[in-house]
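Q: So the chains spell out like this:
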Amino acid sequence: MPDLLLELFSEEIPARMQAKAADDLRRMVTDRLVAEGLVYEGAKAFVTPRRLALTVHGIPARQSDLKTERKGPKIGAPDAAVQGFLKATGLDEATIQRDPKGDFYVALIEKPGRPTLDVLADILPVIVRTFPWPKSMRWGERSAKSGALTWVRPLHSIIATFGPETEEPEIVKFSIDGIEAGQTTFGHRFLAPSAISVRRFEDYEAKLKAAKVVLDPQARKDIILADAKQLAFAQGFELVEDQVLLDEVSGLVEWPVVLMGSFDQEFLSIPGEVIRATIRNNQKCFVVSDPKDSDKNPDKTGKLTNKFILTANIEATDGGKAIIAGNERVIRARLSDAKFFYESDLKTKLEDRLPKFENIVFHEKLGTQGERIKRIERLAAEIAPLVGADVEKTKRAAHLAKADLLTEVVGEFPELQGLMGKYYALAQGEDASVAAASEEHYKPQGPADRVPTDRVSVAVALADKMDTLVGFWAIDEKPTGSKDPYALRRAALGVIRLIAENTIRLPILKAAQSAILGLPEKGAKYPAADAQKLPGDLLSFFADRLKVQLRDQGARHDLVDAVFALGGQDDLLMVVRRVEALGKFLDTDDGKNLLAGTKRASNILSIEEKKDKRSFDGAPDPTLYKLDEEKALAKAIDQVKSEAGAAVAKEDFAAAMSAMAKLRPAVDAFFDKVKVNDDEPNVRENRLKLLNEIRAATRAVADFSKIEG
Amino acid sequence: MPGHDDGHWLPIALIPLATADTVPRAQNPLARPILPMDELPAHMRPERSFQGFILALQRFWAEQGCVILQPYDMEMGAGTFHPATTLRALGPKPWRAAYVQPSRRPKDGRYGKNPNRMQHYYQYQVIMKPSPPNLQELYLKSLAAIGLDSSLHDIRFVEDDWESPTLGAWGLGWECWCDGMEVSQFTYFQQVAGVECAPVAGELTYGMERLACYLQGVDHVMDLNFNGREGVDKVTYGDVFLQAEQEYSLHNFEHSDSEMLFKQFVMAEEACKKYLAAGWKSGSNQKEHLMALPAYDQCIKASHVFNLLDARGVISVTERQSYIGRVRDLAKACGEAWVHTEAGRAS
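Protein sequences appear in the order of chains H and F.
Counting along the first sequence from 1, when you hit position 618 you're at 618 in this note's numbering, and nothing is skipped either side.
Counting along the second sequence from 1, when you hit position 165 you're at 165 in this note's numbering, and nothing is skipped either side.
Here chain H stands alone, though its shape is the one from the complex:
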């Protein structure tokens, strides 16, 4: 069966957009083919800085003919209806038949399949015109007209050929904004810029390779990685691998040529992270270290060496000498800047930077950064005893944690915030825990990030995040839909993970109340009533985050609601424990049946409560029990209540669940033998009260009515 080759040749496509673009192209073309009834055998997309390419193989040469039957009006229906049916189906009377089963008109509609070449000529221009680039642009003379083609950068040519392996393929004939699809492309911008005529994917890929273009991004990555490792190894070093950088660099070259350069030893006095950030972010080069294997090389430290690895896009006529020299120059200048920044940062103590924070607005309504630091300090000191952190160290850590934001190095490389604080704190002789908190208090930054364990860091991290959450809640800047500009969801998840993974008892409502007290009165535009409501609102936000987290872990998230529905649950660690125990319990037969029984009790109750417009709370009257099953249930409830209550008081939720399990036989037997809606009203009322007791008893661990299933 025939294959399709498509290439969209343009000016340089931003590296970060390339992988998704290749994916989008494959998806869009194959989806459209399938929608047109053209099922293909395989498809693969490729991308280089200058081209997006796609091969789809095994596409039928034409669509199959489509036959459909459509039922029309009854025989003998008014003529207008029959005429309308004919008009709608586009048929004349002759092709109408009687339905064998009855008296209806049936239209047989035959749609002959079109040649795939024609279908492609229709769908490809639409795909190009609707391609989802994150940002696209107009260019050239045609941009003066409305409806001009937009693309990520100017599009220069299109290859679109279609045909079977054995024959000369045909060109898919279409043109977009003056660009005629054909079979011509161009080689490497500098090494082989001439036009190349291609027929199908196989010769396309091969001819490009001959013209110094490696089409497959993965192949370029493999080349860069292998060559970089080899270059480093040859000199007794090790490449510091960096997947994100590799992805980017492979998107900047069509013909990767890996070269190694060096910089002055003296720059190794700068922290390795700063060197790496300088070389990586600004120059898109890899750094190199001494091998870490200390057995074989006891003198090797695993530290950075004064080498870097660059990926050029050309085979230079001088073997790359000028390119290396040029890159060395730039890296030298960049590292001198970094070294200057680092050394001048060291001259100022972190605390001496704090006054400047008084002039930096954190948020218009939430005051300055200086005020925020003071709030975090106060809150962290309050949290410290709860998490087992030294109060004085925590205060000091919170005092200094943000100070590096105004250092030169962090100004240059914002991603080094915190880390530089740690270096500067250690350099000025701070306690190790205090210094570590500069870096650690930002953590965890996401679900995959590490959670700090040092108690000082934990306290500052919790205070930082609680202040952020309460602050933005107070000024009503909560996340909505996909918008969460202040990363509040991340902050809440951070709090949950800090608490759960460090087994910390922190009453969220109280912590939130305390955080509110610190907010600036002049800026906080919230009425006092809201301040009363805020901690509760925030708590349900935590509940939502916890649900999302559990769902992502594949755990039952509906149990979170069942636990929060109990009210007063602001100890997230206990909530998590309860949810875990409940989940295990509900996996057992006892759990499932008790849930079913409890739900049944709840359903009956809510129906009867509605009917009688009253609730059935209050203790049942033992003298009204008529059946053994009633008495047995009442007894079981009493026993379970006290056992489960005691277990919950000891925070032993597994034991509480085991106690609950004892309720199950009594509940099952009750529903088996006892008719709740007895004819005697007082017996009925008493039985409903007993049902209410089941519900009440289970509430020792969770609100079962909130559990799904």
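FYI, nobody ran anything at the bench for these hints, they're computed from the structure.
Please read all numbers here as calculations on a predicted model, not as lab measurements.
Careful: at least some of the hints might be erroneous.
Said to hold, decoys possible - Quick look at which bits of chain F chain H covers, simulated, 3 or more residues with Cβ under 8 Å:
| hint | segment |
| --- | --- |
| 1 | 100-109 |
| 2 | 127-134 |
| 3 | 166-174 |
| 4 | 180-193 |
| 5 | 196-202 |
What the hints assert, rightly or not - No more than 30 Å apart at the CA atoms, straight line, and that leaves these computed lysine-lysine pairs for DSBU-like:
| hint | chain 1 | residue 1 | chain 2 | residue 2 |
| --- | --- | --- | --- | --- |
| 6 | H | LYS145 | F | LYS274 |
| 7 | H | LYS374 | H | LYS349 |
| 8 | H | LYS209 | F | LYS141 |
Don't be surprised by glycine CBs; every beta carbon is placed ideally from N, CA and C.
Starting from the known structure of chain H, fit chain F onto it as the hints suggest.
A: Positioned in the frame of chain H, the structure of chain F alone reads:
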């Protein structure tokens, strides 16, 4: 280029230059090719002299049909502010221009101590409307014209989306890298002064000092050879500009008169609005503006005054946004006026 001994090479090269300079130009200025670099006297070669480098670019872009303009006679932060770019980028009429623009960024002053940061530097600006289909090739040829050989050097187009909040402008393009160094910016303007570009103009901006340092193999901008001469005749960039960098840094950071500048900002803002209001021609059935350029001068003025105030550290973070917004409003109003002028409209 390589292999010449300067001492011997100089007099030989002068002869063909003299011939080329007199005879063909007089006969047919258009037929005259760009001077191959080997024929230039040493002191004019782009890798030897800052001014030679500028002249090489002037010559190259003149050959591409650009009008070679002189710098705009006002202080501005970048070549883009020149009305030949900001305003001429708008409207349907074709436009090709190139010029050097001294650019002032008061905040970037370092008292002449930083090897590549200054409060005053040169940008070389090329604007072509509509953007020609071979603009990338032209750009690469211009690099060849200044001595950057693409078979030796690694030239790359790295994503850089350009946005000017003060001009209400944005475009897509790249930073152009040569051996890992950003040497130019390449932008396809999509919107300028709040007006959609139709057609789109292509803009090239060369960082002159940085490129010259690279060509001359010099690490500190002040060490650049300005006039390409050696010995007693040599004039360096530092000879020309070091004192200015020191004086202006002192002025920009420590002594500029904030009170006066705040007033000047408001004056420029008001004047701009006044001229814009007065410029609309009444009585004609076609909407027409007669004073877009003088009004735009005041916008440039306000922008520079804002930069001075910003460098002085007297504008808070929140105020900053509002000042930028005020300049942008002026720029947009000027753009709107411009597209109703002779040069800015369709006919």
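Q: Now, for every hint given, state plainly whether the structure supports it.
A: Outcome of the hint check:
no.: 1; hint: 100-109; in the structure: violated (count 0)
no.: 2; hint: 127-134; in the structure: holds (count 4)
no.: 3; hint: 166-174; in the structure: holds (count 4)
no.: 4; hint: 180-193; in the structure: holds (count 4)
no.: 5; hint: 196-202; in the structure: holds (count 5)
no.: 6; hint: H:LYS145 <-> F:LYS274; in the structure: violated, 34 Å
no.: 7; hint: H:LYS374 <-> H:LYS349; in the structure: holds, 18 Å
no.: 8; hint: H:LYS209 <-> F:LYS141; in the structure: holds, 25 Å
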